[in-house]
Amino acid sequence: MVLFLEYVGLSFLGSIAPAIVLNIEKRPLVWAGLGGMLGFLTALILNPQSLAFSISQIFAGTLVVGTYSEIMAKRLKAPATVFAIPGIFPLVPGITAYKTIQALAGNQTREATSLAIETISKAFSIAFGMMLVTALFRAIRKARKGIKP
Amino acid sequence: MDQKQILDVAIRAGTMLLRNGAEIYRVEDTMNRICRSYGLSCEAFVLPTGVFISVEGESGITTHVKRIPSRTVDLTRISQINNLSRIIEREKPDYDAIIKEFDSISNARKYSNFTVSFAYALTAFVYVLLFGGSLMESLSAVIVGVFLGFLRILFTKGSSFPFIEYFVGGFASGILGSVFALLFRVNPYLVIIGAVTNLVPGVALTNGIRDLLHGDSVSGLTRLGEAIMMVLVIAAGTGIALAFWNAGGLI
Numbered sequence: 001m002v003l004f005l006e007y008v009g010l011s012f013l014g015s016i017a018p019a020i021v022l023n024i025e026k027r028p029l030v031w032a033g034l035g036g037m038l039g040f041l042t043a044l045i046l047n048p049q050s051l052a053f054s055i056s057q058i059f060a061g062t063l064v065v066g067t068y069s070e071i072m073a074k075r076l077k078a079p080a081t082v083f084a085i086p087g088i089f090p091l092v093p094g095i096t097a098y099k100t101i102q103a104l105a106g107n108q109t110r111e112a113t114s115l116a117i118e119t120i121s122k123a124f125s126i127a128f129g130m131m132l133v134t135a136l137f138r139a140i141r142k143a144r145k146g147i148k149p
Numbered sequence: 001m002d003q004k005q006i007l008d009v010a011i012r013a014g015t016m017l018l019r020n021g022a023e024i025y026r027v028e029d030t031m032n033r034i035c036r037s038y039g040l041s042c043e044a045f046v047l048p049t050g051v052f053i054s055v056e057g058e059s060g061i062t063t064h065v066k067r068i069p070s071r072t073v074d075l076t077r078i079s080q081i082n083n084l085s086r087i088i089e090r091e092k093p094d095y096d097a098i099i100k101e102f103d104s105i106s107n108a109r110k111y112s113n114f115t116v117s118f119a120y121a122l123t124a125f126v127y128v129l130l131f132g133g134s135l136m137e138s139l140s141a142v143i144v145g146v147f148l149g150f151l152r153i154l155f156t157k158g159s160s161f162p163f164i165e166y167f168v169g170g171f172a173s174g175i176l177g178s179v180f181a182l183l184f185r186v187n188p189y190l191v192i193i194g195a196v197t198n199l200v201p202g203v204a205l206t207n208g209i210r211d212l213l214h215g216d217s218v219s220g221l222t223r224l225g226e227a228i229m230m231v232l233v234i235a236a237g238t239g240i241a242l243a244f245w246n247a248g249g250l251i
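Each protein sequence line maps, in turn, to chains X and E.
Just so we're aligned, residue 1 is where the first sequence starts under our numbering, counting upward by one.
Just so we're aligned, residue 1 is where the second sequence starts under our numbering, counting upward by one.
Hints were generated in silico from the structure; no laboratory data involved.
In this text, all values refer to a predicted model and were calculated from it rather than measured experimentally.
Heads up, the beta-carbon is just placed ideally off N, CA and C, and yes, glycines get one too.
A couple of the hints might just be wrong.
Claimed, not checked - Straight-line alpha carbon distances no greater than 30 Å define the calculated DSS-like cross-link-like pairs of lysine-lysine that follow:
id, chain 1, residue 1, chain 2, residue 2
1, X, Lys142, E, Lys92
2, E, Lys110, X, Lys26
3, E, Lys100, E, Lys4
4, X, Lys77, X, Lys26
5, X, Lys77, E, Lys92
6, X, Lys26, X, Lys74
7, E, Lys92, X, Lys74
8, E, Lys66, E, Lys110
9, X, Lys99, X, Lys26
10, X, Lys74, E, Lys100
11, E, Lys66, E, Lys4
12, X, Lys145, X, Lys99
13, X, Lys145, X, Lys74
14, E, Lys110, X, Lys77
15, X, Lys145, E, Lys92
16, E, Lys66, E, Lys92
17, X, Lys142, E, Lys100
18, E, Lys4, E, Lys92
19, X, Lys77, X, Lys145
20, X, Lys74, E, Lys110
21, E, Lys100, X, Lys26
22, E, Lys110, E, Lys100
23, E, Lys110, E, Lys92
24, E, Lys66, E, Lys100
25, X, Lys26, E, Lys92
Unchecked claim - Partial chain E-side listing against chain X, Cβ under 7 Å, derived:
id, residue
26, Gly57
27, Asp74
28, Ser79
29, Ile209
If we strip away everything but chain X, and leave its shape as in the complex, we get (with noise of 0.2 Å):
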């Protein structure tokens, strides 16, 4: 339970900070932060055993993040940009590009291409799901306005 706590606080800090770096503005900074809390959290609760993050978990996250920024972007009237690049933060696999980094360096070559791929193929599956949920929500916008008129 407490290390639960200590994660929800971890990935909280974890999307605030690099939003900083990135110069987000004050309004949204603390929305940002929940929003990168909640796909972290989504990530970890399909297995909790573990924090190197599988390619479904991280899809999961991203799914989450997504949803997340599109519907905080109506609410606050910014881009849904703001709240979904903090959000994928914790999500982005540090983990394996350590690891990747660490074959490298022990001249582990094999080792280290197939870290390689691995950790594109998560950063690819960040961006497909970032992609599925935009195309969701543009496609439920554009119904919405066929019908209304």
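Knowing the structure of chain X, use the given hints to seat chain E on it.
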């Protein structure tokens, strides 16, 4: 507003968006919207390194080309230009009012160097813990993070090669991580990767893939290439630092 002024507004909005890290489709869409709301048909073509726009109206075809020398990510400006383009669409204000808006956006407040360096340190601290590091490891990473923050201030004053900041950053993290490993018996790789999280081009990578999936293949591949280049440069920096250190037989 005449044709030239409309074109000027569109190209200002486009360059400002692109310079601050917006996706290609957003830039093109915003420029098209601005022209359309003043009743002009326009054709916008955007690459990561430049904006091209051509409008057709009473005074024939007018074209404008603008080169973008460097890009950063600035979420405040993306959001504000987005709002401005909405206002333009809704209220169609006159030229002087829009230009005043642009000036106030480009003069908008940024976080101070101190705050940003603090954010660098916080990122390093948090990510070492998230990667399963100990408190000692994350505190060492904080020092590396602060150092990377200083490097950033140093390099924003302008450097001839955009990638040199990443190389120096990676090299410094490699050396500092090894030093801390010697001093405090921590895992150098965890310290390095936590600190280097600050430099990793997550935004460029995802934006590149998003551009690709949108069908902007030229821009997507360019950005992806740029992101991969950054990762390689960082890895080269840390790798060389670690190789030096290992050759000295100190780890």
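> Any hints this thing doesn't respect? Which numbers, in order?
Replying inline: 9, 12, 17, 26
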